[in-house]
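There are 2 protein chains.
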Amino acid sequence: MNRMIDEKIAQAVDILREKRIDAWLIFVRESATMPDPALDMVVGSHCTWQTAYIITAGGDTIAIAGSLDTANIEQHGHFRSVRSYVEGIGPELRGVLKDLKPKKIAINYSTSSPMADGLTHGMYLQLVEYLNDTPYARRLVSAEEIFAALRGRKSPQEIRHIRAAIRETLDIYDLVTGYLRPGLTERKVADFILREVRKRKLDLAWDPDHCPAVFTGPDTPGAHTGPTNRTVRPGHILNIDFGVKVDGYCSDLQRTWYIRRKNEKQAPREVVRGFNVIRDAIKMAADYLRPGAICWKVDMVARKHITSSGYDEYPHALGHQVGRAAHDGGSVLCPRWERYGKLPYMKVEAQQVYTLEPRLTVEGHGVATIEEIVLVTPEKTKFLSKPQRRLYLV
Amino acid sequence: MNRMIDEKIAQAVDILREKRIDAWLIFVRESATMPDPALDMVVGSHCTWQTAYIITAGGDTIAIAGSLDTANIEQHGHFRSVRSYVEGIGPELRGVLKDLKPKKIAINYSTSSPMADGLTHGMYLQLVEYLNDTPYARRLVSAEEIFAALRGRKSPQEIRHIRAAIRETLDIYDLVTGYLRPGLTERKVADFILREVRKRKLDLAWDPDHCPAVFTGPDTPGAHTGPTNRTVRPGHILNIDFGVKVDGYCSDLQRTWYIRRKNEKQAPREVVRGFNVIRDAIKMAADYLRPGAICWKVDMVARKHITSSGYDEYPHALGHQVGRAAHDGGSVLCPRWERYGKLPYMKVEAQQVYTLEPRLTVEGHGVATIEEIVLVTPEKTKFLSKPQRRLYLV
Chain W
1 MNRMIDEKIA
11 QAVDILREKR
21 IDAWLIFVRE
31 SATMPDPALD
41 MVVGSHCTWQ
51 TAYIITAGGD
61 TIAIAGSLDT
71 ANIEQHGHFR
81 SVRSYVEGIG
91 PELRGVLKDL
101 KPKKIAINYS
111 TSSPMADGLT
121 HGMYLQLVEY
131 LNDTPYARRL
141 VSAEEIFAAL
151 RGRKSPQEIR
161 HIRAAIRETL
171 DIYDLVTGYL
181 RPGLTERKVA
191 DFILREVRKR
201 KLDLAWDPDH
211 CPAVFTGPDT
221 PGAHTGPTNR
231 TVRPGHILNI
241 DFGVKVDGYC
251 SDLQRTWYIR
261 RKNEKQAPRE
271 VVRGFNVIRD
281 AIKMAADYLR
291 PGAICWKVDM
301 VARKHITSSG
311 YDEYPHALGH
321 QVGRAAHDGG
331 SVLCPRWERY
341 GKLPYMKVEA
351 QQVYTLEPRL
361 TVEGHGVATI
371 EEIVLVTPEK
381 TKFLSKPQRR
391 LYLV
Chain L
1 MNRMIDEKIA
11 QAVDILREKR
21 IDAWLIFVRE
31 SATMPDPALD
41 MVVGSHCTWQ
51 TAYIITAGGD
61 TIAIAGSLDT
71 ANIEQHGHFR
81 SVRSYVEGIG
91 PELRGVLKDL
101 KPKKIAINYS
111 TSSPMADGLT
121 HGMYLQLVEY
131 LNDTPYARRL
141 VSAEEIFAAL
151 RGRKSPQEIR
161 HIRAAIRETL
171 DIYDLVTGYL
181 RPGLTERKVA
191 DFILREVRKR
201 KLDLAWDPDH
211 CPAVFTGPDT
221 PGAHTGPTNR
231 TVRPGHILNI
241 DFGVKVDGYC
251 SDLQRTWYIR
261 RKNEKQAPRE
271 VVRGFNVIRD
281 AIKMAADYLR
291 PGAICWKVDM
301 VARKHITSSG
311 YDEYPHALGH
321 QVGRAAHDGG
331 SVLCPRWERY
341 GKLPYMKVEA
351 QQVYTLEPRL
361 TVEGHGVATI
371 EEIVLVTPEK
381 TKFLSKPQRR
391 LYLV
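Residue numbers (the numbering used here), protein chains in the order written: chain W, 1 to 394; chain L, 1 to 394.
One or more hints might be untrue.
No copy is singled out in the list; a pair is fine if it fits within one copy or between any two copies.
[Unchecked claim] Below, a list of computed lysine-lysine pairs in the DSBU-like style, where the Cα atoms sit at most 30 angstroms apart:
| no. | residue 1 | residue 2 |
| --- | --- | --- |
| 1 | Lys199 | Lys262 |
| 2 | Lys199 | Lys297 |
| 3 | Lys382 | Lys19 |
| 4 | Lys98 | Lys342 |
Please keep in mind that the hints were generated in silico from the structure rather than gathered at the bench.
Next comes chain W alone, as it looks inside the complex (with noise of 0.2 angstroms):
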């Protein structure tokens, strides 16, 4: 965990330069009751008081926290340089910056990236009144570029660990293929595989409410909520969403059942069609997936292929990236829709790790849908889960 720290800042300092910003703000307060998501990659431990953690393109790292939270930061050791204040952190602030002279200096906000928007408003406007008679108030800017690099760029590490999160998971999807019969409810499948993950002693990659997430036939919301009663009868297309997390990194995958009827040998044709035409979808986006790509342009590539195969498009993005958080922010593979704001007209970069997810519905059946998880080099797009090319059978 410090290695991969110390790593991260180390990457933060080099981006920096690239990006010709001078300094990079973290400033929290009772941080472990609304993380930052820049305190997990770049410091490594929680604080009560507000506290300033610096990086700079110079290489400096320093921290400035209240007197009883610098002990703590100083046995992570991540900081060389920590400062200590008892009635308020403005004084000494403004200090270190008056010393660094920084001319752009990155905080943690930002519409459309989540990852990279960490910092409180409450926060920003107390953050503002310390800096009020600084020239520094003037030169906050957003860190969006550094986190979309930050976060976005998997060093060797990082991939094998997002490997390893990857084959557990798919490991015990084998396992629920033997498992799965009719009469049983979405919930009994899910704690099938809590159990798994209890057993193997893995983290849930996602809020434990949907994950994993089950849906079985044609009455189901399709995702984003957890499993039901609902039970599992023949006809179903069934389709799981789920992922955990090793070493800190996680993974995002999802695959699709079908229920045979008495004396079904496959699924109807209506099934694998719309099954095919989720891997093929899939397949395409991939092979379209390069470094400099448009986002929009690579979810079009499946979109397209769905709607003009006669089904509706999917109401979500095609995939996002995923780290140390399933959905890792940065650039993500999305339509221009307003929800979105800049992400569509970001560019894709090498050693950025996306899911692929589009779905479809196939009428009286349930949801088919696949999400595989691939890795942008400058060559060929590769599959880090190794992809599921036919409907399972049960």
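Since the structure of chain W is provided, determine the placement of chain L on it from the hints.
Positioned in the frame of chain W, the structure of chain L alone reads:
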């Protein structure tokens, strides 16, 4: 859990009327990553896309959420009207506000109170942009007052949960007294406590990094850091800061032990004196604490007793509120220091639950500190924790 949220929503409606605020708008996205502390109280589930939860003084509960998040909100059932969007929340949000015509809309930001500061700066900018051409952008106010009342005024049920958490903590402290001996490390003492926590299937009240915190002897930082390999030795004062969560409610208590030297029957006089000054400072502050008291004046009662007894003043507040979080926000019994903003000037209210936790250093031995939990009532302040009257001897 469900019942508790409905109870808190009903309480919020009453508070909105009392404070003459027409609507409370909670505006979040990817809420499991950086949870707005309001969610735990009045929402009870997480969302992925931008979501607006609106509670009005008229008793309306309206959620506007992305199409994949609505089913989950409906499943939880706390918001009577759930509206859905696909491309962007703006039009639907403007429509709902146009129907409600609120004159004052509270949103979650606060420079002083972290628990009332759940809105990120990026989301604030986004909200203002959505409301740009409406009269509502200029009607936004801080929800501080709502939080202070809603978190601060504990119901009988909430007090029962806090009492249960206190009971578990004090039971474990009793076991610690039997376990403590010279030669143990802080880490081992913490592990002993953590084994008890697991045995009783309890959750910790704060960051496991320093819950419990164990400090032995004269050379410790004394607060907010994790247990180390420092060894417990005769002549040490040892103190522990620890709390658990029962049914979602926290305890937060400190106790102090003295490790006797060979042939010592009692603790040295200066150790007993330091401990007694702390104990008496708590008693005096509790006697002074009452509805209507100004927060900084309560702190000053304890602070003065300590400094006039010849000790340095403690570098923090006398006490904070306890509830769903160990640091539950709202008013704090704190000195008039820059970092506390408006908090020192707030008034104590009945039904609030505070810690009282002064500290002082006994040179050559360690830190004497006690943390009790009290309930403010119109009559006498009630100790919810059985107060530590004497130094525990090992």
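Hint check results:
For the homomeric pair Lys199 and Lys262, neither the shortest alpha-carbon distance inside one copy (34 angstroms) nor that between copies (48 angstroms) is at most 30 angstroms. Taking identical chains as interchangeable, the C-alpha atoms of Lys199 and Lys297 are never at most 30 angstroms apart, the minima being 42 angstroms within one chain and 54 angstroms between chains. Taking the shortest alpha-carbon separations for Lys382 and Lys19, only the intra-copy value of 28 angstroms comes in at or below 30 angstroms, while the best inter-copy value is 57 angstroms. Proximity of Lys98 and Lys342 under a CA criterion of 30 angstroms is satisfied inter-copy only: 27 angstroms between copies versus 33 angstroms inside one chain copy.
Violated hints, in rising order: 1 and 2; the structure is consistent with all others.
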